[in-house]
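Colleague: Chains as they are written, first to last, in numbering that gives the first Met the number 0: chain C, 0 to 343; chain X, 0 to 317; chain U, 0 to 305.
Hints listed in this document are in silico derivations from the structure and should not be mistaken for laboratory results.
Since this is a predicted model, take the numbers as computed values, not measurements.
A few of these clues could be false.
Straight-line alpha carbon distances no greater than 20 Å define the calculated SDA-like cross-link-like pairs of lysine to any residue that follow [stated by the list, open to error]:
no.	chain 1	residue 1	chain 2	residue 2
1	X	Lys266	C	Thr14
2	C	Lys91	C	Gly177
3	C	Lys91	U	Ser201
4	C	Lys91	U	His202
5	U	Lys187	C	Arg18
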Amino acid sequence: MKPTTDLILRLEKVTKTYRTKGGRFGQAGSRVVALNRISLDVRRGEIFGLVGESGSGKTTAGRLVVRLEEADAGEIFVAGTRVPELKGRRLKQFRRKVQMVFQDPYQSLNPQRSIFDTVSEPLVIHRMGNGAQRREAVAQALKSVGLSPPEDFFLRYPHQLSGGQRQRVAMARAMVLGPEFVVADEPTSMLDASISAQIFNILLHMRDKLGVTLLFITHSLAAARYLCDRIAVIYRGNLMEVGEAGEVIERPRHPYTQALLDALPRFGQCGAVRRYNTLLGAERPASQGVGCAFYSRCGVAQRLLCSTQAPSLRELAPGHRVACHYAEGPEAGTATTEACFYAT
Amino acid sequence: MALLEVDNLSIGYQTRNGTFQAVDGVSFSLESGRSLGFVGESGCGKTTLGLALMGLLPPNGRIRQGSIRFEGEELVGLPEDRMRTIRWRKIAMVFQAAMNALNPVHRVADQVAEAIFTHEPALSREEVNTRVEGLFQLVGVPKDRMRDYPHQYSGGMKQRAVIAMALACRPRLIIADEPTTALDVIVQDQILEETKNLQQQFGISIIFISHDISIVADVCHDIGIMYAGQIVEYGAREEVFETPVHPYTRALLASYPTLNGTISRLKPIPGETPNLISPPPGCRFCDRCPGAGKTCVTARPSWVEISPRHKALCHSCS
Amino acid sequence: MERDGHKNKTRSPQLERFLEGWSIFVQNPLGKIGLTLLVCFGLMAACSFIPPLLDPMYDPMTGVDPLITRSVGPSSAHWLGTDFMGRDILSQLLAGARVAFMVGVSAAVMSILLGCAIGMFAGYMGRVVDTLLMRTADMIMVMPTLLVVLILSSLFGQLNIWTIVLIIALFRWPGVSRVIRAQTLSLKQRPFIEAAKVAGASHMRIIFMHIMPNVLPLAFLYMTFRVTSAIIIEAALAFLGFGDPGTVSWGMMLQWVWKTGHMFRAPYWLLPPGLCISLITLSFYMLGRAMDEVLDPRLRKEAEAE
Ligand SMILES: Nc1ncnc2c1ncn2[C@@H]1O[C@H](COP(=O)(O)OP(=O)(O)OP(=O)(O)O)[C@@H](O)[C@H]1O
Ligand SMILES: Nc1ncnc2c1ncn2[C@@H]1O[C@H](COP(=O)(O)OP(=O)(O)OP(=O)(O)O)[C@@H](O)[C@H]1O
Ligand code: SF4
Ligand SMILES: [Mg+2]
Ligand SMILES: [Mg+2]
Chain C
0 MKPTTDLILR LEKVTKTYRT KGGRFGQAGS RVVALNRISL DVRRGEIFGL VGESGSGKTT
60 AGRLVVRLEE ADAGEIFVAG TRVPELKGRR LKQFRRKVQM VFQDPYQSLN PQRSIFDTVS
120 EPLVIHRMGN GAQRREAVAQ ALKSVGLSPP EDFFLRYPHQ LSGGQRQRVA MARAMVLGPE
180 FVVADEPTSM LDASISAQIF NILLHMRDKL GVTLLFITHS LAAARYLCDR IAVIYRGNLM
240 EVGEAGEVIE RPRHPYTQAL LDALPRFGQC GAVRRYNTLL GAERPASQGV GCAFYSRCGV
300 AQRLLCSTQA PSLRELAPGH RVACHYAEGP EAGTATTEAC FYAT
Chain X
0 MALLEVDNLS IGYQTRNGTF QAVDGVSFSL ESGRSLGFVG ESGCGKTTLG LALMGLLPPN
60 GRIRQGSIRF EGEELVGLPE DRMRTIRWRK IAMVFQAAMN ALNPVHRVAD QVAEAIFTHE
120 PALSREEVNT RVEGLFQLVG VPKDRMRDYP HQYSGGMKQR AVIAMALACR PRLIIADEPT
180 TALDVIVQDQ ILEETKNLQQ QFGISIIFIS HDISIVADVC HDIGIMYAGQ IVEYGAREEV
240 FETPVHPYTR ALLASYPTLN GTISRLKPIP GETPNLISPP PGCRFCDRCP GAGKTCVTAR
300 PSWVEISPRH KALCHSCS
Chain U
0 MERDGHKNKT RSPQLERFLE GWSIFVQNPL GKIGLTLLVC FGLMAACSFI PPLLDPMYDP
60 MTGVDPLITR SVGPSSAHWL GTDFMGRDIL SQLLAGARVA FMVGVSAAVM SILLGCAIGM
120 FAGYMGRVVD TLLMRTADMI MVMPTLLVVL ILSSLFGQLN IWTIVLIIAL FRWPGVSRVI
180 RAQTLSLKQR PFIEAAKVAG ASHMRIIFMH IMPNVLPLAF LYMTFRVTSA IIIEAALAFL
240 GFGDPGTVSW GMMLQWVWKT GHMFRAPYWL LPPGLCISLI TLSFYMLGRA MDEVLDPRLR
300 KEAEAE
């Protein structure tokens, strides 16, 4: 399905701050800004990738969207309704349409419940269908994630499944209600590279055949490039760059995105590879609260501007927006030709 | 003579349902100053192999056959007190998820010093301290952070400290088991650079274990692709990745997303790994292999030499 | 790890854990001794119905041997002898086993149910509810149960055995609820609970369908320890003269020994109930320790996984 411009998710200047408890020895608690005034749009029918390092606030964003957490400030709309206001029946309806797949398949399935119980639970909660219809729906969901024959899995328990199978069960649980929007929080980060491909292809199937919109959270740019229509790169809770997946990865404009690409192992790349060298060798003191979040590690930064003024998102190419004072044109970086011995 | 020679090594775990053949007929050799990478999916026996080289198999694990020769000395069946003179001093290991195993109540530098004291009690305080300082400098932890507690470290710094600990007794061989799996790409890149530098600078041999091909491809001279307890393809990195011959290696490469070229549909490997308590009699990959023939199901494949630096364990590779 | 699960595809984890736990349990010497002792006491309780059927004079409470009016030692008619008014000590001892089980198990079950419910509720709800419940628990925990029961019974006269059971239960839940609360707190953070929330599950559904099955094993472990303390409290009450005068319990027997001045003159009367109290509490205690060992590695494993 071609992504339309119909929006399904809209974040407007969303901020989330966590207060950590003080330490054992009476240290004062500290505040962690998990998300800092993030604004994003996700279009119906696309896979939108949220990319960032550990602790950058990706999971927090996902949890806000499915309302496991409340934002401190800003607005979140899903399919036109304001998420924080939902209560009672409306909230339950929202739960039918919006689902989440969690990062760790070893933790996201109740060890005491069989696969059938787990996958059919949403149906039971929303009082959908009778026994036979539920069986049919569960079998269908398991089949759609490639667990077949589904009946074989009904009476099994999570500890009898491999990690990849568990994650597929978790996806079946998210799919069984026929949701419109699914948040997939690093569904493969606990799995082997070789098993990840299965999960990726199921996500593609969900978009193409079932018309589900996905917010795909990942730390891997390669996975984002493979799966996503558009991606957003965040760094310590700040949106750095957003645009078409191919555009962002092949012509990254933000020094941080460029640093991420530099750091990837060169495996599978041959011919002209761009090197950007935008990461500072030694970190400099951060700009306290003001200025660019990436200032302390940015090799491009100019002290005067970057440490005193937070860059705002600028549209540098159609649909490609970057939050950097010194973002350059598409020809950034130096092309190097590397030996091409890993062609696959 | 090679630094390490492993020949036909098989390791089994005693379980309630029978012997689990975690490693089966593994052979390889490693010259000093070179690095060897093992790639394979979870459960294929990579950690087991590393533990066996260290003589640290869990109580229900047993070397069923084969030999491990390190500097010409046979390690299989070596008495524990002799093994203790080799372990950590000559062969060291960075354990999987070791960075989470740092003792939270001791300062990191003290933990490294402790590791040195345990193995070289003859050293004086000052000697140990200068060595610890050197180690931290080597792995790139700033001097003023040495005396912090583990929780004050980031993941990358903890991993560096663990590497420092493995280097503490100046071993000749380091086994690094998934040293960067929990780390971010930028930190991972730095640690991999560090590893390569160390190796070139001191001529340490490295066995690098990972389930991520791209990492192993980045660091290692030689690659062993492991599947279900066996090495199925072995050779110089260039050859293995340029002309992969084993169907599993090919399948593995086809399921790996990369950053350039056109985006083609990834092809996941169908099916599940075999049960290693009663492994299939023929090739262990046969029921997932697209090109499996009759012989694959019934007869064990033997090694086929593709080039002097490249071989594969497959019936249809010749 | 999960790969060797292929053979027993349809076994539920409960059953599998039970079987695995059972094999560890019976290998444990403490568990074996405890279980054997407990089976003996169970047999005693079951046999307590027999003597009154043979002859009304063997009724532990009302049956008096017409030929005997004082305490005599063992004989062929009374294997363990009689008490001061000619009642059979053996039948009293057997009836005491029944009462001990009744008191111990029912007080334990009640306190566990209460403790579990409160612990899960406090842990799951958090904030004010948690603080209130746990402060209450603390207050009750520091009250000496025995003393409170003594005061109550001196206020209300003699207490019925069920009232005693109820009071013991009411005073013994806080320990359990603390443990269950801690377990609930860690479970609450687990993604499978959040997954249920995202699916739209209500709080009650989460507590009863997802949290409860995961805390039950721990609750059972605590039950064995609670049985021990309930039996001891009941015995102490009875010995101090605050027991239910309508039932024969071992504590009651000891009180009769003491009150009639036979303490140092009738070892055949003093020793059996004394030994029984020690042994039954010991057996439940050993059972608990053995179960602890069965559960502990699993708890530790789960803790590591987090
Ligand atoms: N419940 C919480 N209490 C306090 N701090 C929290 C909490 N949850 C998250 N944080 C903090 O908020 C920041 C963002 O966390 P988040 O989990 O969203 O990151 P992430 O991008 O998902 O990282 P990862 O890749 O490791 O999953 C982190 O610094 C984290 O420590
Ligand atoms: N102590 C043990 N007893 C029984 N089986 C074991 C034991 N340790 C490991 N195994 C099994 O042996 C196989 C190989 O385990 P190993 O830890 O070597 O795998 P690995 O390749 O390191 O996997 P990973 O990538 O997950 O670390 C696994 O299937 C595992 O279940
Ligand atoms: S705004 Fe300045 S500090 Fe921030 S990324 Fe751009 S150049 Fe670097
Ligand atoms: Mg996360
Ligand atoms: Mg391992």
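Colleague: Which numbered hints are broken by the structure, listed smallest first?
Modeller: Number 1 - this is the single hint that the structure violates.
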